[in-house]
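Asks: Going down the list, the sequences are from chains A and B. The numbers in UniProt numbering rise by one with no breaks, and the one at position 112 of the first sequence is 112. The numbers in UniProt numbering rise by one with no breaks, and the one at position 29 of the second sequence is 29.
I should point out that these hints are in silico values taken from the structure, not numbers from a laboratory. Note that the coordinates shown come from a computational prediction; the quantities given were computed from them, not determined experimentally. Possibly wrong hints are sitting among the right ones.
As the list claims (entries may be wrong) - Derived, one-sided and incomplete: chain B residues facing chain A with beta-carbon distance under 10 Å: (1) 226; (2) 229; (3) 234; (4) 295; (5) 298; (6) 301; (7) 305; (8) 307; (9) 388; (10) 433; (11) 436; (12) 443.
The beta carbon of each residue, even a glycine, is placed where N, CA and C say it ideally should be.
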Amino acid sequence: MEGHIISMQGITKRFNGKTALDKVQFTIEKGDSVAVLGRNGAGKTTLLRILLGLLQQTEGTVLYEGQPQLTLAFRKKTGFYIGKEYLPEELSGMEYLQFLNHLYNGGRLRSDEELRGLMDYFFEGADAAGKAIGAYSFGMMQKAGICGALVNQPELLVLDEPFSGLDAFSCKKLLAFLQQYKQQRTLLLSSHDLSFVEKICNKLLVIDAGKVCYYNTMEDFTVNGRNSLEESLFRLLYPQESDNEKISWLIE
Amino acid sequence: MRFLLFITRLKCRAFLQNGGADGWMRVLFSLLMLLVVVFYAIGTGYLLNYLGGAQQVLIFGINCTAAAFTLLKGYFPNNTPFRSIFLPVHPLPAWRKMGLQLVYDLLTPFYLLVVIFYLVLLLTADAFTPAALLNSLLYLGMFYLLERILKMQQASRFMPLLTVCSLAIAAGGAYLQWRAMFSIYAPVAGVLLLMVVYSLVYRQAARTSLTGRRLVHGAGVQTVAAAFWAAVIRRKPVRTALVIGVVFKLIFCALILFTLQRNRARFDTDLNVLLAIFCSPLMLCTYLVNNLPGYMPQVFSKTAYLATPGALFKRFLRVYVRFAVPDMLLALGVLLAVETSFRYPLFLLFAYINAAILGFFISVLAPKKVTKGLDFTSFRTNTSIAGNLITGLFIYALFYFSRSPGWFFVIETAFLIIALLVYHFSYKKDYDHLVRSMTAKII
Chain A
1 MEGHIISMQG
11 ITKRFNGKTA
21 LDKVQFTIEK
31 GDSVAVLGRN
41 GAGKTTLLRI
51 LLGLLQQTEG
61 TVLYEGQPQL
71 TLAFRKKTGF
81 YIGKEYLPEE
91 LSGMEYLQFL
101 NHLYNGGRLR
111 SDEELRGLMD
121 YFFEGADAAG
131 KAIGAYSFGM
141 MQKAGICGAL
151 VNQPELLVLD
161 EPFSGLDAFS
171 CKKLLAFLQQ
181 YKQQRTLLLS
191 SHDLSFVEKI
201 CNKLLVIDAG
211 KVCYYNTMED
221 FTVNGRNSLE
231 ESLFRLLYPQ
241 ESDNEKISWL
251 IE
Chain B
1 MRFLLFITRL
11 KCRAFLQNGG
21 ADGWMRVLFS
31 LLMLLVVVFY
41 AIGTGYLLNY
51 LGGAQQVLIF
61 GINCTAAAFT
71 LLKGYFPNNT
81 PFRSIFLPVH
91 PLPAWRKMGL
101 QLVYDLLTPF
111 YLLVVIFYLV
121 LLLTADAFTP
131 AALLNSLLYL
141 GMFYLLERIL
151 KMQQASRFMP
161 LLTVCSLAIA
171 AGGAYLQWRA
181 MFSIYAPVAG
191 VLLLMVVYSL
201 VYRQAARTSL
211 TGRRLVHGAG
221 VQTVAAAFWA
231 AVIRRKPVRT
241 ALVIGVVFKL
251 IFCALILFTL
261 QRNRARFDTD
271 LNVLLAIFCS
281 PLMLCTYLVN
291 NLPGYMPQVF
301 SKTAYLATPG
311 ALFKRFLRVY
321 VRFAVPDMLL
331 ALGVLLAVET
341 SFRYPLFLLF
351 AYINAAILGF
361 FISVLAPKKV
371 TKGLDFTSFR
381 TNTSIAGNLI
391 TGLFIYALFY
401 FSRSPGWFFV
411 IETAFLIIAL
421 LVYHFSYKKD
431 YDHLVRSMTA
441 KII
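Using the sequences provided together with the hints, build the complete structure.
Replies: Okay, here's the thing in structure tokens:
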């Protein structure tokens with residue numbers, strides 16, 4: 001158990017009798033940066049929600065540093081962004097960060113200048129601080145959500161598809177940020193953007209139909225870089241031959 | 001006229017549902033309903049003839065029932081809201097659009113059955129005079145408009161028009177049966193006035209941010225209550241509490257004082273329901289507190305996620321007190337202006353404490369998301385309906401029993417014991433489960 005920051009043991013989740021996750025088991029070490037990969041609907045977001053304690057698993061346990069994860073300490077040391085539905089549209093970006101700052105430590109955690117600096121880094125001069133989140137574009141909401149996840153300087157950062165909706169410039173900034181962040185903290189992210197995953201993460205967790213297909217290092221998965229991540233993932237998830245015949249049929 | 005025919009054809013086609021088996025079942029069912037209504041009206045008519053002095057009470061009861069059905073009807077999911085096709089597309093004056101909507105709404109089996117009921121009653125009951133019929137129809141019309149106002153949250157430019165219509169009807173009704181109906185017309189007129197104030201506050205709050213700059217239209221605050229809660233988060237408690245106090249209390253306080261002046265003799269009998277409702281935190285709780293997480297689900301669930309059960313309750317109380325104190329002081333002022341009795345301050349104190357406890361449990365144990373703009377009394381969510389009923393009945397019971405201190409304290413003690421049990425076994429023990437289900441349900 002030593003060194004494990006997160007340990008998921010036999011996690012099963014059923015929605016109305018349908019199994020979304022089936023006996024998922026893995027551990028994350030301190031300092032790991034893990035990417036959760038899989039097809040749409042494979043159970044990635046469900047897994048992240050269970051890990052964060054936002055969704056009740058049907059079976060299994062989640063441990064944080066060897067203890068059940070549903071403690072205030074875990075919640076205060078974790079930062080997450082798993083979808084824009086968690087953002088209050090009524091508040092402006094800056095108000096949202098101030099609210100989170102107040103929640104985490106009565107406002108003493110970060111000064112307003114620091115919060116503004118955080119916003120400035122991701123929004124790069126765009127006038128977003130005083131604008132209501134409800135009026136943001138999808139990409140801006142992503143950025144506000146990521147800023148919110150960083151307010152408490154979390155030891156464990158959980159991000160669900162952080163790159164989706166971001167422009168190329170913002171992607172580059174987020175990539176640079178996460179690359180530095182992972183040096184000091186633990187990171188768990190789900191993404192479909194394999195080029196970014198390749199640059200950030202050292203471990204991969206591949207889920208298919210609610211089951212863990214692979215959990216190990218990136219080097220192992222790509223056979224020490226001999227295969228690309230995309231190639232290896234396709235080999236694992238789509239072992240059949242190409243879809244050429246099906247595509248021709250669809251076009252015709 | 002052509003449009004009227006078009007709508008009638010449209011309605012008939014929808015009613016028959018293309019003549020399928022389901023359509024014919026509907027026709028059969030409607031005929032049966034028609035027969036039931038006619039027989040029921042004949043029966044009521046003959047009953048009215050034999051009632052003697054109590055006729056007015058029965059007529060009043062019938063009107064109230066029709067009004068209740070009208071309001072209830074608005075909250076069935078398949079009830080047609082203000083058709084968007086009538087609102088923005090056609091370049092017609094607002095009055096004509098309202099007229100079209102009226103035709104569209106009134107051509108429904110429900111209203112046809114109600115009108116048939118009244119007509120049969122007119123034929124069979126001597127006491128149900130044409131003036132009484134007119135009054136009943138005005139009453140129905142007022143509640144129809146009220147239901148429409150509640151239903152058509154987004155169309156704010158129609159609100160003043162509808163309010164003027166409703167007030168005119170209220171004035172007409174009050175003129176026809178001043179003494180008997182005033183106690184009902186006055187609060188309904190008050191509700192309508194309140195709607196206008198709400199819409200103004202809402203529009204103002206929705207468009208300004210912390211820095212006082214205008215926000216992009218349509219973004220930002222989704223509900224009136226959310227506007228208030230956003231102001232709380234922005235730490236503008238004094239201004240917000242004053243706005244709340246003014247909105248929730250002053251109009252009704254003025255109404256109560258006026259009504260009491262006119263009906264001093266009935267102060268402790270017929271009017272005590274009104275007094276209990278308006279000189280208590282009921283309006284405040286009904287709108288802002290019951291189903292609190294529903295107004296700003298993201299903020300509330302995040303707060304619950306990062307706080308202990310006790311801390312969450314404390315945070316809730318801190319916010320509640322800010323709103324409740326000005327509200328309570330206004331109520332106390334009005335009550336003491338009417339009658340100096342120790343029982344009212346005592347009732348007020350416990351009513352505000354109890355409403356806070358009830359509001360918290362109702363909102364936390366059964367949260368429901370609110371998404372519409374003007375959700376007056378938040379009738380849209382089951383949580384609020386249940387919460388408002390429980391809070392209302394409890395406050396009224398407390399007011400009623402404030403005359404006999406013994407019973408009052410028995411009820412109060414029982415309530416506090418139950419509240420403690422709920423806190424310990426249902427809330428504190430299951431807190432983590434609660435946070436998860438809250439997140440799952442309201443986000």
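Asks: Against the earlier hints, flag every one the structure doesn't satisfy and list their numbers going up.
Replies: 9
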